[in-house]
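In order, the protein sequences belong to chains A, B, C and D. With this note's numbering as the guide, the letters of the first sequence map in order to residues 1 to 285. With this note's numbering as the guide, the letters of the second sequence map in order to residues 1001 to 1819. With this note's numbering as the guide, the letters of the third sequence map in order to residues 2001 to 2161. With this note's numbering as the guide, the letters of the fourth sequence map in order to residues 3001 to 3181.
Check before you lean on any hint, since a few could be wrong.
Stated by the list, open to error - Covered stretches of chain C (chain B as the covering partner; in silico rule of three or more C-beta atoms under 8 Å from a C-beta of chain B): (1) 2014-2028; (2) 2091-2103; (3) 2115-2123.
FYI, nobody ran anything at the bench for these hints, they're computed from the structure. It should be emphasised that the depicted structure is a prediction, and the values quoted were computed from it without experimental measurement. We put the CB at the ideal spot given by N, CA and C, even for glycine.
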Amino acid sequence: MKVGYYPGCSLKGMEDAYSISLISSFKVLGIELVEIEDWNCCGASVIPSYDYKFANALAARNLALAEEQNLRTIIAPCSECYNRLAYINYKMKNDAGYMEKMNKILSEAGLEYRGTVEVKHAVDFLVNDFGIDKIKEKVKNPINKKIASYYGCLFVRPREISVESAENPKTMDSLVEALGGTPVDYDGKTKCCGASLVVSNEKVGLQTIKNVLDSIKETEAEIIVTSCPLCHANLDTQQLTIEKEFKVNYMLPVMYFTQLLGLALGLSEREVALNKNLTYEVLKV
Amino acid sequence: MSEKEKKKNEEIRIGFFQCHCGVNIAGSVDVKEVVEYAKKLPNVVVAKDHMFLCSDPGRNLVKEAIKKYNLNRVVSSHCTPSLHQETFRTVLKEAGLNPFFHENVNSREHASWVHYRDKKKATDKVKVLVAGGIERVKHHKPIGTMRLKVKKSVLVIGGGPAGIQAALDLGKAGYKVYLVDRRPHLGGNMARLGKVFPTDDCPICILGKKFHELRQVKEIEVITYAEVKELSGYVGNYKVKIEKKPRYVDEEKCIGCLTCVSKCPVRVKSEWYEGMDVRPAIYINYPAQFPRIPVRDPEACINCGVCKKVCPADAIDFDQKPETIELEVGAIIVATGYEEWKPYAVEEYGYGKYKNVITQLELAQMLNPEGPTHGKPFKPSDARYDKKKRKLVIEGEPPKKYVFIHCVGSRDEKYFSYCSKICCMYSIKHAKMILMDVDPNAEIYLCYMDIRAFSKGYEEYYKQVQKLGARIVRGKPAEIREDPKTKKLYVKVEDTLLGKPIEIEADLVVLASTLRPSKGTKELADILRITTGEDGFLRELHPKVGPVDTVTAGIFIAGAASGPKDIPESVAQGSAAAARAMSLLGKGEVEIILNKAEVNQELCIGCGICETLCPYGAIKVHETHLGRKAKVSEVECQGCGACAGGCPTGAVMRRNYELDQMFAQIEGILRSAKEIFKDEPIVLAFACKQCAYAASEAAGTSRLEYPPNVFIIRIPCSGTIDIAHVLKAFKEGADVVYVGGCEPGSCAFVDGNLKAEKRIQFAKRLLDAIGIGGDRLEIFWIPAPESMKFAEVAKMMVERAKKLGPTPLRKAKAVKEVI
Amino acid sequence: MAEKERRKDVNTENRDMLISIIKKLAKKEVDKIEIPLTFYGFGRVKYDANKCVACLKCYENCPTKAYDAVRLFDLSTVKNADIESLWWKRGIIFQLIRELAQKDLEGYVEVPEGLRGYGRVEHNEELCISCSKCADLCPTKALTFENEINMSLWFKGGKEE
Amino acid sequence: MIAEEVSKISGENPFACFQCGDCTGSCPVSFAMDYGPRRMIHLIQLNLEEEVLKANTHWLCASCYNCTYRCPRNISFTRISYALRNISVKRGIYPNKTTKIFYEIFLDHMLKYGRFNEGIFVREFVAKGGKGLKELLRDINLGLKLWKKGKIPKDVDKIDKLDQIKKIYEACVKEEKEDKQ
């Protein structure tokens, strides 16, 4: 099974653990990822803040490239990238006037998008397209732990791009269950981690991350799984800062759902780059 | 033109009248210019404008002009035909002309309201439409009427306050009334409440009196636990099939002692009490219910037979079968009421997830003196079913802190955009009931967006609850969180008047959920050939001047079936519908206008295609002395025109939509459009008056803009469309043509839309084959409420016309003109 | 398929026997013979596609199901038709098609299922028992009954089997 | 008119708002905002440009789309706040130095590499003074850890057809200018 792949900047940079574990665990499942050639940054939340139109055009360029390479479905593992690409895809497909406008800009770069690509988040693809049963069959080491799935915002919102309810999402929990874990229910599943606020307004940013961690801590979960590099960075990397800043103690190991998947499928910790997580050591304690 | 035709044309004297409609038309259409344009058109003898053409002076102007100028045709340009066509037909009649020598041009909904930003274009469009109307009216023919005897009996569907009132009014006036309810008893939702605002009296007391009256009036026959399954016939002479569900209790024998109910060992959740209480397998819903006959629930029943044994009247019969009752009635009143929407979809409030989040109707059951706790609210998380006692047991403290949330699902684009109208009041009522009767120290927060307490005595009622100390917070709560251990709820809301987010702790959260049309409303509407609106409620003929009428003559609506209503309004509507039925049936006969199908015996070849097309069996081929000829039963014909559209020879026509009339209108519009709109694309639309045309009216009312170069021709049903109409349109220079019909399954004439679809499919292929291009022709399903879709389709088709360019015919002509 | 199935509603035993006797008696193969006009049971149906309005009366009422409804509208009928002699509305439609046509009128247009008025029928002579019902029902005289028997068909045909 | 500008950029209609407060109640950052989404929209409705652009609300928006998801009138404050930031940036208004540096580096990367490079970003961010001395000292530890884990990328990841990005950017800027005229 071949499927298009849009890694996004984070997965090529700081959060390469996500892409390593994604590729290796998908390989076990027999899914081959075909990277979009010459993809560019989706613009994240910064370029839209700077120039909304330019940001949308950047996302549209990626869609046009995918179409050029005949990729019908592309997977965007990063929620931010998924959100940008999927929303622009939705908007262009459903608004002929907008499609025309965007294509006018794209045509300057010799590109055109006709609307044949489907953008999917990696979790959605795994659960809803590949199939939970097929994953279950391949599980070698069931992860028998209480696991909190943290969905974040941009995978479930806004409505146009979401495949499920943003108030009570289920996909990642069903995956966790398939891998042998016990999903926990908590209020903060889709509460915002503050995204890049931690850079632009550190005080507020840390507070929002803390809110999320607090609500997970209440559930007595043993592991947090994430599906977005930004969420991951905030919960994982910033956990230590918050512990120091607010004088609290979480000791909550954070990992990508792909790392959990890889481990359950029998991959080694190194193969899923587990040691790259800052909270890796917590797991050992 | 032959001499004869010329002469005939010369005899035609048309008067044209343009209405200003205050500023509604004159504000964006240059009426004077339209009048000047009309004056120059052939056969127009006089053209005038008036501020309000529908007013007395306006109508007199038309009447006097008819006399003074010896007019024999009138074209009036104003609002949509569904509003004032009848008015001007009457004017013609009063002036001694046949009413059908009139044509209505829609210059408000189709021009001034939708092109209000561009006065020139709006004016141009009116001119084009006027040219079409004037050309058409030349071919109009007189249409007669016939008188029909009617049955002096009425079927009332739904036994809530509206239905009961209608039945009583009619019965007391001497009409035979069949009052049918789906439930095993009458009373509707009203019977489920403990108190009713604004007088706080007990609904059972009010209903009890009404039930007593029902028993007294012998003209009224109450049929409960029954549903309408089939309708045939026509105004004044409807035949209705009703299915009576098996009650498993013989209604004749039962004496209402309820011994069976008290002895039944089974307990299941009671739907009547919204699952707040339990009931036996053989049960009555409330003690005062009418008729006081129990019903057995075969699914819950364990067939132990105790009820049979204890019944002193031997009334219980496990072998009862559904029974079909056939009724003949002159009119039907639909009062099917509302039901509460269960707000599972509003997940942020956790209804269905958190036990202590309930709806207002559920709270009403707690507050009902006949309910599970006899009027004392409780926390559902504390309720437990005690198997030994066979009843609900409440353990724990009663709730102290309540949060009421208004507008749950309603006024929300994601769910229902309308206001449920009475939720503010019943929320206030429940707050008042708790503070007055249950616990004066209770903390009640009402989270509202706008308090709508508009009726008589309502504002005073609102003031009372404020005095009692209800805490009123302006803000729509964002989310509710539950403490899994204590089951306490935390409501997060921005108090918009304080301007800051607050969190309110609550024992019980009560959602004022949207009121929806009761289950089965759509199915019933389809059976009765009446329409529902965008909101799912039954649609009235006109929101202002026809609130209880429907598109089908002789069928009326009352109460919450047409939208959420309080009791006084429902009762008033019940009476209104009864009066409408009486005014229809009172004389014992009705006059029917024969704007129906007709067969030209000379042209008819007796092929029988019309027979296969008529959904009512109203047209049949008979053996005559001239050979086999089709004949129309004018009583049965509903005037959809499906037969005319399919007749191969043109023998069958739909009066007032005859081929020459349609051709004249098409020609008139397109000739004028080519002249006025020149190089712009020209799009011609044929719109079914039940749906697409109604949607175009709604687009007008909502001022939804679309390009002005879309010209709409009104047809009685999309099934009227004839391949000849389409070809003619292209011949006369239309670039794109489309037909708007009702959605499959909801055609007012059974399946006229599907017949139209086939013709359009064929015409598309034909156009492809002869080099015009099938892309230029399309059929769309545009339901009446979907004004947005109407505007979008219009936009899309103009875009398509631009993309495809002028038709080869127009192109060729343009080239010729240049040379 | 099943000719037998098609004919199941009609008992043609006698007729078939008669034909086989005639065949046996015949001294030579005859092509056609003329019969008296009212001599139903034998004779031949002639179909004029130009006149047919595809009302499908013949198709629906033929006792031996000898007709097939062909859902194809032949554009050449538009080209060749004598507009003056056509039924009124049909004439108008044909005239409009001619005026709109951007190319030569030939070929077929597929008719959607259930749409009557366009298309044609196909008569299967082998199944026909010459009852003349179709000709009688045909509203446009597109089907006419001719007093002529196509004997060659009998001699060719494997009807007895 | 600020309302018009906002609608044009975001495609949202602020006038549809009936001030229910669902957005502010839903917002995870509203505790730190001066106005909050609801009042911001009201200010936009009233065309109080100065107040709108002075506010911190749109800068604090974490673009979680919670308000958008729940709004009963289908308005997206998230997209409105993107529009407000666009307008502010064009007028040179930033909430603080950090944001300005952050945005400038990001855009620079976009046009220089076509992608965002975190490693270089951190260097440039610190060099331009994006972090105060106190935080810097606190974060040194974290930085070291990240470096040890190989989380700080060194190589520059650059796309091949950078000219396309530039052309798209120019097209957007050009359209913007045309719109103004």
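Discussion item. Verify this for me: three or more residues of the stretch 2115-2123 of chain C with a beta carbon less than 8 Å from a beta carbon of chain B.
Written reply: holds (count 4)
Discussion item. Three residues or more, CB to CB closer than 8 Å: is that satisfied between the stretch 2014-2028 of chain C and chain B?
Written reply: n = 0 at 8 Å, threshold three: violated.
Worksheet entry | Coverage of the stretch 2091-2103 of chain C by chain B (three or more Cβ within 8 Å) | Three-residue rule met by the stretch 2091-2103 of chain C, so holds; n is 9.
When held up to the earlier numbered hints, the structure conflicts with hint 1 and nothing else.
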